[in-house]
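Student: Chain by chain, the residues run as shown.
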Amino acid sequence: MTALGLKPDGAQARPLLRDLASIALIALAGASGYWLFPDNLSFLTRVISVALLVLSLDLVVGYCGIASLGQAALYGAGAYAAGIACLNGVTEPFLLILIGAAAGAVTGLMMGAVMLRAHGLPQLVLSIAIVQLLHEAANKLAWLTGGSDGLSGMLPAPLFGLFEFDLWGRAAYLFGLGLLIVTFALLRLLVRSPFGMVCRGLKEDPLRVSALGISAFPVLIRMFAISGAVAGMGGALGAIATQVVGLDSVSFELSANALVMLVLGGLGQLTGALIGTVVFMSIEHVIAAINPFHWMTLVGAILVAIVLFAPRGLSGTLDELARLLRREGRP
Amino acid sequence: MTLPSPPFLWPSMQTALSIALDALAYGMALFIICIGLSLTMGLMRVVNLAHGAFAMIGGYIASYAARDLALGYAFAITLAVLGTVLIAIPLERLLFRRIYDRSELSQVLMTIGITFCVIGITNYVFGPTLKTIPLPAELARPVDLGFRSIAGHRLFVIASGLVVAGGLWFLIERTGFGIRLRAAVENAPMARALGVRTELIYAASFALAIGLAAFGGVAGAEFLPIEPYYALRYMVTFLVVVSVGGAGSIGGALAACLLLGSIDITARYLMPEFGNFFFYLAVILVVCLFPRGLMGRAKA
Amino acid sequence: MSAVFSVERLSKSFGGLKVNHDISLSMAAGERLALIGPNGAGKTTFVNLVTGRIRPSRGAVSLGGEDMTAVSAVGRVRRGLVRTFQVTRLFSEMTPEEHMLLALLQRAGRATRILARFRGDATLRDEAADILATLGLTEVARRPVAEIAYGQQRLLEIAIAMAQRPKVLLLDEPAAGVPSSDTPLIERALERLPPELAVLMIEHDMDLVFRFAKRVIVLAAGEVIFQGLPGEVAQDEKVREAYLGSYAHAGR
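Protein chains in written order, with this note's numbering: chain A, 1 to 331; chain B, 1 to 300; chain C, 1 to 252.
Keep in mind that the hints were calculated from the coordinates and are not lab data. Even glycine gets a Cβ: it sits at the ideal position worked out from N, Cα and C.
So the derived list for chain C, only partly shown, Cβ under 8 Å to chain A, looks like this:
no., residue
1, Ala73
2, Leu90
3, Ser92
4, Glu98
5, Ile114
6, Arg117
Construct all of the structure, not just a fragment, from the sequences and the given hints.
Tutor: Structure, rendered in structure tokens:
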């Protein structure tokens, strides 16, 4: 997995400045989305919601080196928790997001406790089994989850008591954008914290980390909980914005797509997760509307191409290009 | 899978017997498909999620041969196996060979990619409808076992599974090819130094795995019907079975197929409204109890 | 007894094969002990038993009088039993400074804090810089490990161990893979180890062993066949036999 690792940023190019720049870029991109595609805001909100899922996956795959094809279990937990709460009279949007985060975190703890018992392929299989198990459970517990019809008719209260979550989806979009920016900034701090550094160490060489006297399990299980909280917020945002929660929110397909988006964008950089989500979902939006099977063929081809030609994903490849150009420019 | 779904009742002796026979046949069908995957994963260390796609391609070829060209069942199976291997060879040379020593994640991603492509192309060429493989009269008839009669096809699948298991065991443990294969797996440079042509060995085992997948796809079509999403729908099932059995172990794969096959079939008979719930619950329990698989050969 | 570290009849069998058999030794604070032995003598197994990566079939390991046999590998490190690796195990994309900070933060019990800045503590940064300077690594302190020379990576292994402030340090072939021109660098680093630290070195390079160790233990076929001063080792019959086989007799 080292081939898909972090970029060797030897120069330590003032990380704080880079963070601020990427946050400004996200805000800028978000704002231009708002002005350029006013008729597609609900789609863009969905992109943000999924971007949170892919970010959460990056924490586990990109920073800890644990491959997961079941991340939607955490996203779905957040979506259903927020949806159920909203139908039961909890309509304050911030509170719903918190409920989603809490549900995701608890599910993340459970998922981590199970997945960390195994390594490698059995671990990957556990992640799939967990998401499938929750999928079947959500289907079976129709009294709570609406079964295969899902939940619908959630009516969240206006944002700050002022802005309705209306048909145009402006409030939902801006709410989501704000949530994404805050989450992204916090995650940047997280991956730079001592904790984040230990995670990177665990990804590359767990034995080395244990020789430093650091136990892996408590670190990884906390990362699962954090990842769950982020994914859960994504799910809750989806529930608030679309006002439906379906079985597809806790599915193997969504988990696999999230991994594809992450790898497309580049692992272990957070920005890669965002780029991957936007590129993937935009192409999907256009092509899947024409023919879903052509879309599948294309995704397949993209995946094969990434593995063969750009194992660092789009952002890693861009970084490399930039470095090459800089080197060219030098005397 | 199309199975009767009666309301929950404790099964009578007769129902219990038919569940057991169905579970046995289903487990064997799974085994024929999955054993190839288990070998590629355990011996060649390649996580080939596109394995199901090859089983599906086999099914399509057999359906085309038996239904559209009205050829015999045996002939259709032969065509399916050869045709699938023929399709797989260029893929092995162009794509798989490049991921043999890449990380697990790279392998997972590339083979998911190949699966998606196969699904998209299959749907484009053959359409989204289900393809049947007509059975010959001998296999369509029930066979009387004395205590109970069983569909001839089920009996054929069970027998095939046993032959495949025995044949593979013999091939790997008792023949020169098996010795060279194991040598190439244990220590490729050493094996090469001893004159073993590892590339050829790998290609041959890959072809063998794909051929078995195609055979399993055809033989198991009664349980796992052939349609474009086949490759994705059962990808997880196959992966799970291999992982539970322990990659590379014939006995483990057989045990996992029979165990998970019985749980799946029994749950579908008795509690159809739970879907795959118990199947995945069993998977989680088994993997937690045996993190290396029931009889793992490869260290994960 | 004032032993800071001791091993009592440590044994390990795989199947019927006794890889380590009744190995006993004890070390006082500040001692410099070398463990040598031909290939296949069971040195790697011994390291794994002592560090807690594998469970012994029999016997005990104790540190400062406390029984370690049931303590996990991580727990032993935390109690002051630190090791370096035969083949460097470093994080290729992190810098030497970051490795040092990880070790120092862990020593301070803050390595897994979320609400903290990684290089937020000036005292730790200074300590990291000091140790790196002692070992001559200041120039590469902020380059990713993947880009620095192998000899420097070996030095970093020792630097990390120093940052962990162990009571007992297990050096697993500290000069392995280092070009002979760089061996003096390693040797000088070893001389800088704190005098009160007990060091157990496992090494092939006999010159290094003779210069470094005050006492030598020879392991052959999983058993201790010699314990004594470095000067006596070459004269010992059993040792000659173990290393030279029948040639030992032929030569006489």
